[in-house]
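Going by my numbering, the residue at position 353 of the sequence shown is 491; the numbering climbs one at a time, nothing skipped.
In short, the hints are calculated from the structure, not lab data.
Bear in mind the structure is a predicted one, so any value in this text is a computation, not a measurement.
Be a bit skeptical, because a hint or two may be false.
[As the list claims (entries may be wrong)] Subject to a maximum C-alpha distance of 25 Å in a straight line, what follows is the list of computed SDA-like cross-link-like pairs (lysine to any residue):
| hint | residue 1 | residue 2 |
| --- | --- | --- |
| 1 | LYS191 | ASN163 |
| 2 | LYS191 | VAL226 |
| 3 | LYS210 | PRO185 |
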Amino acid sequence: STPALLHMWESVPVHRRSDVVLVGNGLPPLDLVVDHNDTSSVTLVIPHFSVLKVGDWPNIHPQTPPTVVFGKHASTVAHLLSRAGIPVQIVTSLDQWYVSAIRKLIWASAMWLLCHDVVDNHEDSDSSNNNINHVNAMNSPMTVEQVHRQQGGRLRHLVEHELLPAAQCVLQSQIMESMSHCDDLKQRDEGRTANMENNNRHVVDIGSAEEVIEYCIAYSESIQGAIPSKQLALEELATRNGVFLRHADIPQPMHHALLQTQLGGPHALHRALDNLAEHDATLTSPTTPSSEQKSFLIHNQNLGLSFRATPRRRRNDQTKEGHDQLIEKKKDLHVVVIGAGMMGSSIALALSSSSISSGQMIRVTVLDRLPLHVDGETTMGS
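Could you build all of it, start to finish, from the sequences and the hints given here?
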């Protein structure tokens with residue numbers, strides 16, 4: 139996830155950040171991607187292979203799309219992957235890498251929805267019809283190749299009429315932001331005015347719907363038998379489907395309907411859409427070691443867990459002095475535990491007990507949907 143990526147970035151010494159290799163899906167924050175030379179400040183990898191078990195060789199199919207590599211250590215990474223039999227393509231521009239990244243994002247956003255949207259008869263619907271069939275809870279999820287065989291028309295409609303138009307907006311926005319970010323860095327480093335004319339130098343195209351569908355088929359065939367994790371997709375909703383949903387000016391009725399089915403109804407979908415705005419508002423840029431933001435660990439030996447606490451500035455603590463005073467108050471901490479089941483109650487009790495023995499005052503609040511006087515039950519909140 140993006141927050142985890144930012145925490146990782148903050149832990150890397152500044153002089154070693156250009157040696158970082160990011161392997162994964164999605165669009166990493168611009169501060170990690172672009173330096174003042176309009177090139178990647180890290181090495182970026184879009185993987186098109188799978189390793190089913192630890193110690194196994196990568197699962198490669200003749201139609202597997204090449205793993206796309208860009209950045210400082212692209213040649214070294216390509217050599218290592220090629221030795222394992224993985225086809226690799228080194229791209230020479232950030233624009234090309236963005237095209238590959240967003241194509242992979244389309245696959246990651248569409249396939250899990252259709253794999254887990256099991257219809258009554260598994261019959262393909264007409265591509266012009268985006269009505270969602272009733273879900274048969276008795277059926278198991280489909281594999282990615284089953285979706286192409288049995289739900290190809292629905293996949294084509296979702297990609298061609300909804301995700302691809304939104305993806306083109308995402309691509310242009312990402313490129314414009316990266317170029318603008320680069321100009322800002324140049325202006326800061328060199329003290330000159332940014333050349334905004336370069337921001338309109340060209341338009342990059344993801345490709346036709348047919349090309350994107352062919353890519354989705356090729357990648358799916360390379361991981362035959364795979365069923366994308368619904369749990370992981372929901373956890374990554376903001377950086378998967380949310381990337382396209384943020385472009386609300388592009389009508390996406392089928393996309394919304396599929397998400398509504400997986401999330402559990404219209405209210406859940408509305409909450410998810412609201413959470414996207416909250417996610418964007420709370421997301422911070424990577425900080426340097428000189429940043430004022432400080433965090434500290436609360437370790438509990440009984441639980442074997444460590445909690446990282448990052449103080450946030452209150453409205454009346456916007457000055458550096460107010461922030462420093464807030465840091466100094468870390469002996470008076472407040473922990474909120476969600477769920478009063480076995481785990482939640484154990485954590486709350488252990489934290490309260492540790493505050494007595496250590497002298498570090500920890501106020502613990504337990505929140506749960508069910509009454510807390512019901513003993514010995516596992517609750518929905520936990």
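Going down the list of hints, with the structure as the test:
Using a Cα cut-off of 25 Å, the hinted pair LYS191 and ASN163 holds, with the two alpha carbons roughly 20 Å apart. Proposed proximity of LYS191 and VAL226 is supported: the alpha carbons are some 22 Å apart, at most 25 Å. For the suggested pair LYS210 and PRO185, the alpha carbons sit about 17 Å apart, so the restraint of at most 25 Å is met.
Comparing the model with each earlier hint shows no violations; every hint is respected.
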